Amino acid sequence: DTEVTQTPKHLVMGMTNKKSLKCEQHMGHRAMYWYKQKAKKPPELMFVYSYEKLSINESVPSRFSPECPNSSLLNLHLHALQPEDSALYLCASSRIAGGGLAKNIQYFGAGTRLSVL
Amino acid sequence: AQSVTQPDIHITVSEGASLELRCNYSYGATPYLFWYVQSPGQGLQLLLKYFSGDTLVQGIKGFEAEFKRSQSSFNLRKPSVHWSDAAEYFCAVGDNNNDMRFGAGTRLTVKP
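From first to last, the protein sequence lines stand for chains A and B. Quick note on the numbering used here: the first sequence kicks off at 177 and runs consecutively. Quick note on the numbering used here: the second sequence kicks off at -15 and runs consecutively.
Derived from the structure by calculation, the hints contain no laboratory data. Any given hint could be a false lead.
Pairwise CB distance ranges, derived in the manner of DEER restraints [as the list claims (entries may be wrong)]:
1. A:His255 / B:Glu(-1): 18 to 28 Å
2. B:Ser64 / A:Glu228: 25 to 35 Å
3. B:Glu(-1) / A:His186: 44 to 54 Å
4. A:Lys216 / B:Asn81: 21 to 31 Å
5. A:Lys216 / B:Ser10: 41 to 51 Å
6. B:Ile44 / A:Lys194: 34 to 44 Å
7. A:His186 / B:His66: 27 to 37 Å
8. B:Glu4 / A:Glu228: 23 to 33 Å
9. B:Ser54 / A:Arg289: 34 to 44 Å
10. A:Thr192 / B:Arg53: 19 to 29 Å
11. B:Ser(-2) / A:Tyr227: 23 to 33 Å
12. A:Asn193 / B:Glu4: 17 to 27 Å
13. B:Ser(-13) / A:Leu293: 44 to 54 Å
DSS-like, lysine-lysine: derived pairs with alpha carbons at most 25 Å apart [unchecked claim]:
14. A:Lys198 / A:Lys212
15. B:Lys33 / B:Lys45
16. A:Lys216 / A:Lys185
17. A:Lys217 / A:Lys229
18. A:Lys229 / A:Lys195
19. A:Lys216 / B:Lys95
20. A:Lys217 / B:Lys33
21. A:Lys229 / B:Lys95
22. A:Lys198 / A:Lys185
23. B:Lys95 / B:Lys45
24. B:Lys33 / A:Lys212
25. A:Lys198 / B:Lys95
26. A:Lys195 / B:Lys45
27. A:Lys185 / B:Lys95
28. A:Lys214 / A:Lys185
Just so you have them, the derived chain A footprint on chain B, three or more residues with Cβ under 8 Å [unchecked claim]:
29. 23 to 29
30. 58 to 65
Since the model is a prediction, treat every value here as computed from it, not as a measurement. Don't be surprised by glycine CBs; every beta carbon is placed ideally from N, CA and C.
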């Protein structure tokens, strides 16, 4: 099983709303990632969690707040977003995080398509 | 930091024809190289990867790629394209710290 599950598939929110994106994997992976992908662009890394701790934050605005409550679950809390934040948000996970000959393969979910009105 | 260049934004091939998508990388050490495919509105599916060893790697769906260190390239090939191969293809380079960088992508159109 190499499945990463993201919910919801689609989300429409206003600029004053608070919403959350959810990502789940049961592959025993200890690294999880959030990417943002604008139309016709490659995915851009936002956050990396290693062993449930935030290890990389690519200077993402504070209106995006990640959370990793356990090794299988990754959330992205959204608050006071802007229309330019509309994008496909992809979650990924991998077997090992950091160090040594880490033969990391990132497995991606199908994404949440977010529209901010 | 590592980076990836995919020179072709859009490629059109006829069904049954061969395919080659180009990828050039920049990285000081031995890179971890990947090809992912993305259908419209979907996530990314791993086609194949190179870490070490044999420079010709086989992937899913009949794809293969060849790592050429002298040319800093990792081109993706398929001998006979099917209509279902139409998608966006991303080359990516990673390092030991899980930092993976994607190329801009190549959109493949398949003509009947």
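So does A:Lys216 sit 21 to 31 Å from B:Asn81, Cβ to Cβ? 28 Å, holds
Between B:Ile44 and A:Lys194, is the Cβ distance one that fits in 34 to 44 Å? Taking Cβ atoms as reference, B:Ile44 and A:Lys194 lie about 40 Å apart, which means the hint holds.
What's the verdict on A:Lys195 and B:Lys45, does the C-alpha distance respect the 25 Å limit or exceed it? This hinted pair is violated, its Cα atoms lying about 37 Å apart.
Keeping to a limit of 25 Å between CA atoms, is the pair of A:Lys198 and A:Lys212 held or broken? Between A:Lys198 and A:Lys212 the Cα gap is close to 14 Å, so the pair holds against 25 Å.
Check the following: the C-beta atoms of A:Asn193 and B:Glu4 are separated by a distance inside 17 to 27 Å. 46 Å, violated
Holds or violated: A:Lys198 with B:Lys95, Cα cutoff 25 Å? 38 Å, violated
Between the beta carbons of B:Ser64 and A:Glu228, is the distance compatible with 25 to 35 Å? With a Cβ separation near 45 Å, B:Ser64 and A:Glu228 fall outside 25 to 35 Å, so the hint is violated.
So does B:Ser54 sit 34 to 44 Å from A:Arg289, Cβ to Cβ? At roughly 41 Å between Cβ atoms, A:Arg289 and B:Ser54 fall inside 34 to 44 Å, so the hint holds.
For the pair we were handed, A:Lys229 and A:Lys195, check the Cα-Cα distance against 25 Å. 22 Å, holds
Status of the given 19 to 29 Å range, CB of B:Arg53 versus CB of A:Thr192: Given range 19 to 29 Å: violated, Cβ gap about 53 Å.
Are B:Lys33 and A:Lys212 close enough, with their CA atoms no more than 25 Å apart? 22 Å, holds
Under 8 Å between beta-carbons, do enough residues of the region 23 to 29 of chain B, three at least, approach chain A for the coverage claim to hold? holds (count 5)
Violation of the numbered hints given earlier is confined to hints 1, 2, 3, 5, 8, 10, 11, 12, 13, 17, 21, 25, 26, 27 and 30; the remaining hints are satisfied by the structure.
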